[in-house]
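Participant: Sequence:
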Amino acid sequence: MTSRRTIDLNCDLGEGAGHDAAVMPLISSANIASGGHAGDRGGGCYRCRIRQ
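Under our numbering, think of the first position of the sequence shown as 1, with each following residue one higher.
Just so you know, these hints were derived from the structure itself, not from any lab. For clarity, every value in this text was computed on a predicted model and none was experimentally measured. A hint or two may mislead.
Claimed, not checked - Using C-beta positions, here's what the derived DEER-type ranges look like:
| id | residue 1 | residue 2 | range |
| --- | --- | --- | --- |
| 1 | R4 | I27 | 18 to 28 Å |
| 2 | R5 | L26 | 28 to 38 Å |
| 3 | S28 | S3 | 31 to 41 Å |
| 4 | R5 | N31 | 16 to 26 Å |
| 5 | T6 | N31 | 10 to 20 Å |
| 6 | M1 | A21 | 33 to 43 Å |
| 7 | S3 | S29 | 17 to 27 Å |
| 8 | P25 | S3 | 37 to 47 Å |
| 9 | T2 | V23 | 15 to 25 Å |
| 10 | T2 | S28 | 29 to 39 Å |
| 11 | M1 | N31 | 30 to 40 Å |
| 12 | M1 | A22 | 38 to 48 Å |
| 13 | M1 | V23 | 31 to 41 Å |
Quick reminder that beta carbons are idealized off the backbone N, C-alpha and C, glycines included.
Starting from the given sequences, assemble the full structure and let the hints guide the process.
Facilitator: Shown next, in the form of structure tokens:
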């Protein structure tokens with residue numbers, strides 16, 4: 001019996017680096033800053049829209 005292994009490629013986004021949209025297609029999950037640290041209040045909503 002063979003088992004399939006997977007890797008979750010996770011990334012921290014929304015921290016002001018400016019590359020979120022380019023990274024999104026390459027990852028399987030993300031930790032998204034909601035604006036409390038480096039971003040503004042609207043940043044979290046923008047990142048959810050680019051993922052859709």
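Participant: State, for the Cβ atoms of S3 and S29, whether the hinted interval 17 to 27 Å holds or is violated.
Facilitator: holds (21 Å)
Participant: Does the beta carbon distance between M1 and N31 stay inside 30 to 40 Å, or does it fall outside?
Facilitator: holds (34 Å)
Participant: Should the hint that R5 and L26 are 28 to 38 Å apart at their CB atoms be regarded as holding?
Facilitator: 19 Å Cβ-Cβ, so the 28 to 38 Å window is violated.
Participant: I want to verify a distance hint. Is the separation of the beta carbons of M1 and V23 within 31 to 41 Å?
Facilitator: holds (36 Å)
Participant: Could you see if the CB distance from T6 to N31 stays within 10 to 20 Å?
Facilitator: Once the Cβ atoms are compared, 18 Å apart, the range 10 to 20 Å for N31 and T6 holds.
Participant: Take a look at whether the Cβ-Cβ distance between P25 and S3 falls inside 37 to 47 Å.
Facilitator: Since the Cβ atoms of P25 and S3 sit about 27 Å apart, the hinted range of 37 to 47 Å is violated.
Participant: Note whether the CB distance of S28 and S3 lies within 31 to 41 Å or breaks it.
Facilitator: violated (19 Å)
Participant: When you take the CB atoms of M1 and A22, is the distance between them in 38 to 48 Å?
Facilitator: Check passed, 39 Å falls within 38 to 48 Å.
Participant: Against the range 18 to 28 Å, how does the distance between the Cβ atoms of R4 and I27 compare: consistent or not?
Facilitator: holds (19 Å)
Participant: Go ahead and decide if the range 15 to 25 Å is satisfied by the Cβ distance of T2 to V23.
Facilitator: For T2 and V23 the Cβ distance comes to about 32 Å; the hint is violated.
Participant: Can you let me know if the beta-carbon spacing of M1 and A21 is within 33 to 43 Å?
Facilitator: holds (41 Å)
Participant: Would you say the C-beta atoms of T2 and S28 sit inside 29 to 39 Å of each other?
Facilitator: violated (21 Å)
Comparing the model with each earlier hint shows violations of hints 2, 3, 8, 9, 10; every other hint is respected.
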